[in-house]
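**Q** Letter by letter, the chains look like this.
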Amino acid sequence: MFRRVVHPASLVQVLLLVACGEPVVPGTVPPPCPAGGTLVAPGTALQAALAAADDGDVLVLAPGRHQGPLAVQRRVTVWGPRDAVVASRGEGSTIEVRADGARLSGFTVDGSGARFDLLDAGVRVRAEDVVLDGLALRRTLFGILIERSQRVTVRGCDIVGVGGEAMGLRGDGIRLWETTDSRVEGNLVRDCRDCVVWYSSRNEVVDNRVYGCRYGTHFMYSHHNSAHGNRYVDDVVGVFVMYSHDLVVRGNLMARAGGAAGVGLGFKESGNIEVIDNDFVANSTGIYVDTSPMDVTHWNRFVGNRVRLSDVGIAFHSSPKRNEFIDNDLRDNVHQVRVGGDGDATRIEWRGNHYDDYMGYDLDGDGRGDVPYVLASLSGQLTSRHPELAFFRGSPVLALTDLAGHVMPLFAPRTLLQDLAPRMDPPAGGARAR
Amino acid sequence: MEPRLIPLPPLSLLGAVLLAACSGGSGPTSVAGGTSSQTLSLMQARGLNEAHVAAALQTYTPTGKLDDYYAFASGGQSGQIICIGVPSMRILKYIGVFTPEPWQGYGYGDQTMAVLAGGKRRGRDIRWADVHHPALSEAGGDYDGRYLFCNDKANPRVAVIDLRDFVTKQIVSSPLIESEHGATFVTPDTDYVIETSQYPAPLGGRYAPIEKYDDEYRGAVILWRFDKEKGRIDPTRSFAIELPPYMQDLADAGKRVSDGYLFLNSFNTERAYGGNTEGRPPLESGASQNDMDYMHVIDWRRAAQVADAAGKTTTIAGMKVISLTTALAEDLLHFVPEPKSPHGVDVTPDGAEIVVGGKLDTHCTVYSIAKIKDLIAKKQYAGKDPYGVPILSFQDSIRGQCEIGLGPLHTQFDDKGYAYTSVFIESVVAKWSLKDLKVVDKLDVHYNIGHLVCAEGDTVSPDGKFLIAMNKWSLDRFAPVGPLLPQNFQLVGIDKEKLELLYDMPLPLGEPHYAQMIKADKLKPEAMYQPVGTNVVTDARDPFFVANEKDARIERKSDGVHVYMTAVRSHFTPDTVRVKQGDTVHFHITCIEQAQDATHGFCIGSYDVNLSLEPGKHCNVTIQADQSGVFPFYCTEFCSALHLEMAGYFLVEPAN
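Here the protein sequences come in this chain order: F and P.
For the first sequence, my numbering gives the first residue as -8, with consecutive numbering after it.
For the second sequence, my numbering gives the first residue as 30, with consecutive numbering after it.
Chain F with its partners taken away, still in its complex shape (with noise of 0.2 Å):
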């Protein structure tokens, strides 16, 4: 009945995911035709139809073009497959959903307005309940912007934005603001500016992919929000939290967030975040941590990371207090970790990760070094003024920097941080980055 369409651009993704036994790209499979429909033909018959439908009813949209803008008012599901394309008319949002409960399926959303002062987008809802889902958005500015709603899921959507070399003329791909208990899951989002959670509590971003973008997901004044098993690659940012607390960050890969801004998990100002079981991949930054938390009864906590290939591996702003590192494993980085404005991470806790450039030993063999793994750094100043000092680092230097010290006092090396049973080897589990 319907084409199983597989986009080129995500052959690769295909190829490993098939690797990793996973079944399905998310945003490639629109969901399946629901019974007891009323077809509905190409043209401006849909406009009608949703101004004439009823609570309940299904509206199945014949392959073809249907003119925009719709408004859903009612509690309708409309279905349709991917050839089916509600087009925009160049101006303002191409869907508008008002109804609780409404459903739009399947079908593909071609273009919106360009104003960015109006937020013209693909699809922009206002109500309950709302499922969207299996929808392939094309050409929007804005791609799905959900407002002032609860109980919202995004669904397994292709979200492909306007693209081009100016991030800041795209539109975001899916923007939730004062949304709560709303759930964004498997959606595929490409060549967008943002994805972002905004004054927005208990929801949850999970298993989507955001490629090519600037904030993969950016959580501003939102609580108690997750963000599970998402790919951020390519993006300038894979997730940036600010002004929050009570999130929990898990499984998600983190990789190639370049550039000057380029981080894979930023934190400014918030607390209490589980960072557990993620991979930071050829990153600039691979954790960014600028005054978090601010709040003295919060904790961070970063458990079980892979922090790899990044050109600073962990960044602190200032000496970071009330966070703990546990069994991370940090390798192949070019700085492991840096600490702004004169400052150190010893007041914080370092347990158990492993370190690439440890090179202790382990004589009782019980998997952990028996000297402490410790970081220590020329003053920020100095490595910012002369760069080839920066490997000036790590325990087999300290010979060298104990020699420096008494030639030449001004060298003598800060200590960064300390790690007093550092592990000999990464720890079970295993890279999902691949």
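Don't read these hints as lab results, they were simulated from the structure.
Each hint should be verified, as a subset may be incorrect.
[As the list claims (entries may be wrong)] Each pair of labels, with its calculated beta carbon distance range:
no., chain 1, residue 1, chain 2, residue 2, range
1, P, Gln334, F, Arg130, 42 to 48 Å
2, F, Glu156, P, Val286, 26 to 32 Å
3, P, Glu307, F, Gly55, 43 to 49 Å
4, P, Gln409, F, Ala42, 32 to 38 Å
5, F, Glu156, P, Gln409, 21 to 27 Å
We put the beta carbon where it would ideally sit given N, CA and C, even for glycine.
Model the placement of chain P on the given structure of chain F, informed by the hints.
**A** Structure of chain P alone, referenced to chain F:
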């Protein structure tokens, strides 16, 4: 498990480290080769490294050496201005502006009390201010070193400070608006001082329920006419333009090719007004719903003509106002979308472009005035806002965007084609090329930078050299002083390729939002007041001045007792003042000194009388002698070896 051993580093490594550390571009030329052992031991004792020493050498200013620049920072809640020497970062003066400042006797005598009275709101004395943005007067877009203006956000007021004596000469306040933020900014020849409202309200101080926000609430930009010869604002020649009820933010005047235009940022084009206990989102959230706000482009020259034309304005609360309808009919106002919650709107030195940073963005957007003018001329609009204001296309108005980092705010410029942007979320200063729109360097600052200021960095001819990062928080940077912490000014060297942190200065007097930095030799402050008897508010001889000790006298007139007094080292003449309980007493005191720094004070305990009498200055102060008793008066400013003896008695004989 096989034990792992530490490999010894090759010895050449050490050599490389030493060599690298010793060949820094800007630091002491040689550590190993030239620094004395005394320096080394000092460095070791204080835990200093080479970069610290390099910074110290660029800021330390030995006794008798003067600073290269003056910085004038807002004093935030103190209502004052803080004058700082750069690069030493020594505080040179607090200037009393919106609040009494006892050391200067500001707000304690008849003259300066009259200045403060200009800032009354609804008849009420305001005892504090929220000073945000000082602005130096300009000629041809360059600082001329003559005047300084500043604003009070909370109680909309604008003050004029004369830089000949660093004294506040005038405060004006219009009841048209109830708060402001886009103030003060000046047009390139200081014809006008700009004051723009922030939180919309019914114009003129009326009441209207908040549900009437869209219809009754409005913003406004006031253009205060400045008379350069008199050095005073002329309210009668000033005017305002009504604006939609968005929250107008910072402002900048065009210059050179953009001369004649005025640019205002705005936020909350959603027109949210809070109500988090009434079922609406809190204001901060409501104001973050949309993706863009509107930069206001205002043709102020044409607006000035319209304001002068008959029948084009209405008068609201004593202010000439061009209504929004008239502004649109006369083509005075256009909007250009700008990234969400913008903060700085900064015109480049050549005037050709405007740089806008969005707090929630990662880019600075560079607008082209040529493109904007072209779209306006062709009336090519992307749409109109709900109030009918034409909106230009965002994409067609910009030259491009520079990826700066997380949360760019304010931008200033140097003399080499670089822009410097404060980046709030990242807490860094970013240096970027205006030509290529590429970041070339970043420097961590601590913490939460707001504004920044470069030497003459908002003029047509920036100097480069120094930048001050104005950080909102200091956290661990200074010795702790309880829960209320000072803010942190960080001096940054910008003359080299790499940004260089030079000095941290605590700012313990209110939140200093913004500052201006001017080359010291542009200022020509006077050493003393001349002629003797100068009234510092009128800048002329006070009618009650006392030329010399022979003219000192006490006269009883119908309006009370007039005490004509002189102060000179080390006595007041007369030194005995006898009045009757119930008398009104007018003190007229002239400091007849003509020696620099020979300042006297004059106080009367329990009568709250406190004056500062700089050489040549004349003060009047009027009191009701309602309490009988014996009240010593004395000089409060140590003036000579016989300073303690510079005293007298104010004798108030009981009425019966």
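**Q** Now tell me, hint by hint, if it's right for this structure.
**A** Results of checking the hints against the structure:
no. : hint                              : verdict
1   : Gln334(P) - Arg130(F): 42 to 48 Å : 46 Å, holds
2   : Glu156(F) - Val286(P): 26 to 32 Å : 27 Å, holds
3   : Glu307(P) - Gly55(F): 43 to 49 Å  : 47 Å, holds
4   : Gln409(P) - Ala42(F): 32 to 38 Å  : 35 Å, holds
5   : Glu156(F) - Gln409(P): 21 to 27 Å : 24 Å, holds
The earlier numbered hints are all upheld by this structure, with none contradicted.
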